[in-house]
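*Asks:* Spelled out from the first residue to the last, the chains are:
Protein chains: 2
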Amino acid sequence: MRMAELSAATGVPVPTIKYYIREGLVPAGRSVGRNQAAYDDSHVRKLRLVRSLAEYGGLTIAMIGELVRLLDDPDTDLFRLFGTAQNTITEERETRPGPHRDKAERIVADLVARRGWHCDLSDPAARTAVGVLATLSEVGLEDMIDRLDDYAAAVERIAEIDIDVLGDVEDRERAVEVVVVATVLGDPLFAALRRLTQASVSRRVYKLDKSPR
Amino acid sequence: MRMAELSAATGVPVPTIKYYIREGLVPAGRSVGRNQAAYDDSHVRKLRLVRSLAEYGGLTIAMIGELVRLLDDPDTDLFRLFGTAQNTITEERETRPGPHRDKAERIVADLVARRGWHCDLSDPAARTAVGVLATLSEVGLEDMIDRLDDYAAAVERIAEIDIDVLGDVEDRERAVEVVVVATVLGDPLFAALRRLTQASVSRRVYKLDKSPR
Chain S
0 MRMAELSAAT
10 GVPVPTIKYY
20 IREGLVPAGR
30 SVGRNQAAYD
40 DSHVRKLRLV
50 RSLAEYGGLT
60 IAMIGELVRL
70 LDDPDTDLFR
80 LFGTAQNTIT
90 EERETRPGPH
100 RDKAERIVAD
110 LVARRGWHCD
120 LSDPAARTAV
130 GVLATLSEVG
140 LEDMIDRLDD
150 YAAAVERIAE
160 IDIDVLGDVE
170 DRERAVEVVV
180 VATVLGDPLF
190 AALRRLTQAS
200 VSRRVYKLDK
210 SPR
Chain C
0 MRMAELSAAT
10 GVPVPTIKYY
20 IREGLVPAGR
30 SVGRNQAAYD
40 DSHVRKLRLV
50 RSLAEYGGLT
60 IAMIGELVRL
70 LDDPDTDLFR
80 LFGTAQNTIT
90 EERETRPGPH
100 RDKAERIVAD
110 LVARRGWHCD
120 LSDPAARTAV
130 GVLATLSEVG
140 LEDMIDRLDD
150 YAAAVERIAE
160 IDIDVLGDVE
170 DRERAVEVVV
180 VATVLGDPLF
190 AALRRLTQAS
200 VSRRVYKLDK
210 SPR
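Going down the list, the sequences are from chains S and C.
Taking numbering that gives the first Met the number 0, the leading residue of the first sequence gets 0, the next gets one more, and so forth.
Taking numbering that gives the first Met the number 0, the leading residue of the second sequence gets 0, the next gets one more, and so forth.
If you are wondering where the hints come from, they were derived from the structure by calculation, not from laboratory data.
Take these hints with a grain of salt, some might be off.
What the hints assert, rightly or not - Think about it this way: if two alpha-carbon atoms lie no more than 30 Å apart in a straight line, the pair counts; the simulated BS3-like pairs of lysine-lysine are:
1) S/Lys102 - C/Lys45
2) C/Lys17 - C/Lys45
3) C/Lys102 - S/Lys45
4) S/Lys17 - S/Lys45
Excised from the complex, chain S in its bound form (with noise of 0.2 Å):
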């Protein structure tokens, strides 16, 4: 197919795809005559794949870039791809030290090894439930800490899910691709899944519901 019909399979504006190409998120075209490239269900599949990264990762066009390699990389395993991901779609952030941020790290480090969690302490994700506790417990949310146990186990279902879907695919190109997707969509459905439960429990709580349930 030519661009145009690109364009119109994937719903992304031409300079768009434009950009993504001199940007090497997408392939280019395979040159068929001057100023003329095709493209094919490939294209079609990695422009789905850039945009939805792009819309919903809140990742930058160099993070995507970093990912897209990794994909496209036949010596990427899955594990090595999970990992890699996880840094590159977790916003690292620095922690005033002091001793809200010593009580987090003792917090993270005492968690991780009751749970018997495999991680290093110095990941991104690691540093950014350290910098969140730190600043629970700055503004006195310490109710909030004391149940992170409760909070921890509900968030190891979430993830036995996360794995079981992702072992159900079987092209490896295709799990590399979930693994990325999986995990950086997840983040946003989470949430959102978390505001709407939020809405229906607190009216429970607060007596707002008087029907019964």
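With chain S's structure known, arrange chain C on it following the hints.
*Replies:* Just chain C, lined up with the frame of chain S:
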């Protein structure tokens, strides 16, 4: 205390404090003479709150201003604050019209009905869920959509703990603060925990983990 002491107590630089006061996020100090103002513990508390929202919520100054006005309004009830906090911090996304969106809208409506959630399908959280599901369907990640009820059950557990934590708060002013902070800081915390957990679950699945757990 003077502004320099307020800055030392919170770690927020003096120019940032002045900016927050100018924008109405933190109340001005009590005037104690020409060009001199005094600040107290309520300023320390409000400054920490504003900073935690700005750092972790990814909220704009305008959004924080809206939340602070709600917090300061004695007529704001907890349930209403909950909804407003959620709508303020949930970035609404326009989903491209088409069969994927139509399908996603049906899926969300069915999910909400099936689980007995009380929410409006026009709320930003519901719109975000529709957008993510439409994108998952567009990139062919139907497996993740098929497990939506399992994910929803895990998220309901998180929301129950959220409401437990909020329910422990006696003082009303404190309670509204807690609602906002827990809602805003919970998302990055759960995303970080999801990454930490996935790594060890994926080690098990991909048989990289030889030690017994």
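*Asks:* Are the hints correct? Go through all of them and say.
*Replies:* The hints, checked one at a time:
no.: 1; hint: S/Lys102 - C/Lys45; result: holds (22 Å)
no.: 2; hint: C/Lys17 - C/Lys45; result: holds (13 Å)
no.: 3; hint: C/Lys102 - S/Lys45; result: holds (22 Å)
no.: 4; hint: S/Lys17 - S/Lys45; result: holds (13 Å)
Checked against the numbered hints given earlier, the structure satisfies every one of them.
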